[in-house]
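S.K.: Listed here are the chains, written in short residue letters.
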Amino acid sequence: MDAIAIEKPEVAMSWQGVVRFLHKTPRAFLPMRSFPSLELVAGRGIEGDRYFVGHETGFYSHKPEEGRQVTLFEMETLEALRRDHKIELLPEEHRRNVTVEGVPLNHLVGHRFRLGETIVEATRLSTPCRHIEEILGKSVFDPLINRSGLNCKIIAGGTLRVGDAVRPI
Amino acid sequence: MAKAIKTVSTVVSKVEDLGNDTKRFTLVDQDDWELPPFRPGAHIDVHLGQGLVRTYSLCNEPDDNRRYVIAVKREREGRGGSNFLHDRVEAGQPISVSLPRGGIALDPEGTNVFVAGGIGVTPFISAIRHLERRGRSNYVLHWTSRGQPVLPDMIVPAIEAGRVRLYDTTTQAKPVIAAIVREFVGSGLAACCGPAPMLQAFEDAVSAWPEERKHIEMFTPPKVSAKSDVPPYELYLSASKKLATVTPDVGLLGTLDALGVDVPVSCGGGICGACRTRWSEGPPIHRDRVLSPAERQNELIVCVGDCAGQRLVLDL
Ligand code: FES
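From first to last, the protein sequence lines are chains A and B. The first sequence stops at residue 270 when you use the numbering used here, and every number in between is there. The second sequence stops at residue 321 when you use the numbering used here, and every number in between is there.
Looking at chain B on its own, in the form it has when it is part of the complex (with noise of 0.2 Å):
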């Protein structure tokens, strides 16, 4: 059995530099083929090699589903991620990414407020994008930039009429984030992405606010298949005497892949039985729809197993 695929091949069709530190990839199947889904202001990992996995909003909307649109600004001080892509990735070059995560749920009557900062104001763009072929207006941006703002090229309309508001802070003022969603309070939804401070203003501007009204953008982890609930146990594997600790968050499964042991997975749900590993020590928690109750005497379904003691032993 092959090891399961995990992520999306994509080739780099295009890179442009925007300046301000700023350099916009355009990702392509292959074979320009549609690419897998998104909501607006969805965000995908990006893979760069050697465990370099950086998340990015796509800027591009839903119904350019041929494309995957990021505009990465260089972090100097970043942990290389930014840089790596400035640096080393040019067009036709393959990488790989995962299925596309997140989004802003969109009020389709109310107003959407967009608060953002710099380069966080990606997730808005493809929410604008998706509004304005929509033929939607009911939306404002609040746009905080040092210097000139990048970008701006694919929000054209909307800058024309007027529903974008942009504060060059070498210039002007921040804005008083509390003021700007003040007017919204009764409806509508409000969003922000940008830098911490300007999170911060914001959650406190809308701590009020029930929470289906409100987005804060924060990448979300992808999906644990099997999400654990169990506290922290040892886990070693016999046959090549590797050590490590599965912690809730990332799993048995998860665990087992970092230590770059092959188990072969295919549903990764607990019913095909692909990933049947034998165990010698736990006792293991069984959540699978596989094995027989004298099969999970000595083997466990790891992909959505977990151990009720300190220790699990498997023969990996």
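Bound conformation, chain A alone (with noise of 0.2 Å):
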């Protein structure tokens, strides 16, 4: 697999990674759950998350956007939080669907990849939002800036597990 890809002329695209976290939330600000396992529709994005398209009911007003089906982290954040500013920021908190380790996630704009059996396309880069400082009481809105996820789209769906590997194509 590296081998194939280092043949290629994107050397940079040379990496494997593996699911470490998965997690949605069905609306704005709720907290998000721990699920082993999430169900990635194509088009659409992860089932009972609040960005799903086609799930506005009610009192419900988050207009999806198409490029953030599901989004991405990485663990890496979490650990350079730890070391480098003294944050303790939890799976659960930085409030994207997936945290993955050992993919290099601000490298992959415009890029399709495989999401263990789903593949997705990068649509781009997420900016943090104020509202997590006072959500979590945390000031990691500026140590966030530049590595708070990835926006995908979803191009072939399915269901995606904790373990699963996250490979280029």
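No lab work stands behind these hints, which were simulated from the structure alone. Built from N, CA and C at the ideal position, the CB exists for glycine as well. Any given hint could be a false lead.
Simulated coverage check for chain A against chain B, where a stretch passes if three residues somewhere in it have a Cβ under 8 Å from a Cβ of chain B [claimed, not checked]:
(1) 122-129
(2) 222-233
In silico BS3-like pairs for lysine-lysine, Cα to Cα no more than 25 Å straight-line [to be verified]:
(3) B:Lys-246 x B:Lys-179
(4) A:Lys-239 x A:Lys-187
(5) A:Lys-239 x B:Lys-11
(6) B:Lys-219 x A:Lys-239
Both chains are sitting in their own frames, so use the hints and assemble them into the complex.
M.R.: Now the structure itself:
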């Protein structure tokens, strides 16, 4: 796998990562809950998540965004926050759906890659939200600039599980 | 881009009439999901529609994380919030609330002395339930009420253990607050919530105490994301022909909000660019991390922006 990737011009695409945590929440501001698996639906999002397209009911007023059907976050950022800023940010607190390890998220914008049995396409880097400080009572906004995760579109859906591999295509 | 969601959507699951003109409302998520966390004695803004927003202390404790419980006394002479809640809000109704704010920094070891007047007991009920749940008894509540106190059902173990001192002012004299707090002058925390004269007496009694050892419950206003330190200026919106004054406490974004202008806001912190807006008179104060110097010549990131002059004109 790596050998094949290295033969391609994109050397930077030779990596292999793993899914460490999966989270979702049905509405804005509500705490994220951890799950052993999530159902990813192509073109729509994660079943039961706040950004799922076509889930707007009653006073649910979030307009889902095309490019944010699933969001990813690097495990390494949590470690860096602990090391460099002495901030303990837990996987359920960064508010992205998939916490991965060994995946260079910031280099994937515009690329498609495999997330377990699913295929996603990275649309843009996530930006942190001011509310995160209010919700958590932790000063994480500045430290999260430029490493707040990745927004993706789901190209091929399926079940995503903790422990699944994340690979370039 | 969608307009940013600013409130938590909840549903009224229960309304209880406690007598003495007081009702207790339990708010939950429609799917019984956990609600955003809070500290003991925190408060929320309840959005009642048509700009009617009122702040109430939560009376449940942080570990009870799927409900927000508030108790509301009807203020017949009030500004309408309590009457609206009493007359118009029923179980099953949706209701929007803010994220919880504030709370009491309890002393983990020393004694926490709570002084409450009437319905002002609510933040201390939250604090007492929090301490009791942790098996702590390092507190005492002095609770003044006219007639039967409401809500004692929420702190039954505390009352049975003798940690609550009740004063019914229809039959008893009011307690002397200075005398209550005197024995704790050297350690612990003293906190008060109640009518203005009670707060004043408390403030006088603890005036010499260090700040971190006293808590006077005043609802803290929501944090303005970009705290403004510039003098007030005039804001004119050239497309919609609207005029307003921007004051430091409301800020530019708050003023736009009040004018009903739909500016897309995402990060609220000047880094995503969602709220970029053209300006024609200023000069504006730029605090964003998005725009280039050239772009700043005619654009402003309004979520963190301000005006250095007397008048800001935005193309909205
Ligand atoms: S909302 Fe993100 S820059 Fe203003």
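S.K.: Next pair to validate is Lys-219 of chain B with Lys-239 of chain A; report whether the Cα-Cα distance is within 25 Å.
M.R.: With Cα atoms ~23 Å apart, Lys-219 of chain B and Lys-239 of chain A stay inside 25 Å; holds.
S.K.: Would the hint linking Lys-246 of chain B and Lys-179 of chain B be met if the CA-CA limit is 25 Å?
M.R.: 56 Å, violated
S.K.: Just to make sure I understand the rule, a stretch counts as covered if three or more of its residues have a C-beta closer than 8 Å to a C-beta of the chain. Does the segment 222-233 of chain A meet that for chain B?
M.R.: holds (count 5)
S.K.: Does the structure keep Lys-239 of chain A and Lys-11 of chain B at a Cα separation of 25 Å or less?
M.R.: 19 Å, holds
S.K.: Are Lys-239 of chain A and Lys-187 of chain A close enough, with their CA atoms no more than 25 Å apart?
M.R.: With a Cα-Cα distance of about 11 Å, the restraint between Lys-239 of chain A and Lys-187 of chain A holds, given a limit of 25 Å.
S.K.: Within the assertion that chain B covers the segment 122-129 of chain A, do at least three residues meet a Cβ-to-Cβ distance smaller than 8 Å?
M.R.: Held - the segment 122-129 of chain A has 4 residues with a Cβ nearer than 8 Å to chain B, which meets the minimum of three.
Violated hints amount to a single one, hint 3; each of the other numbered hints is respected by the structure.
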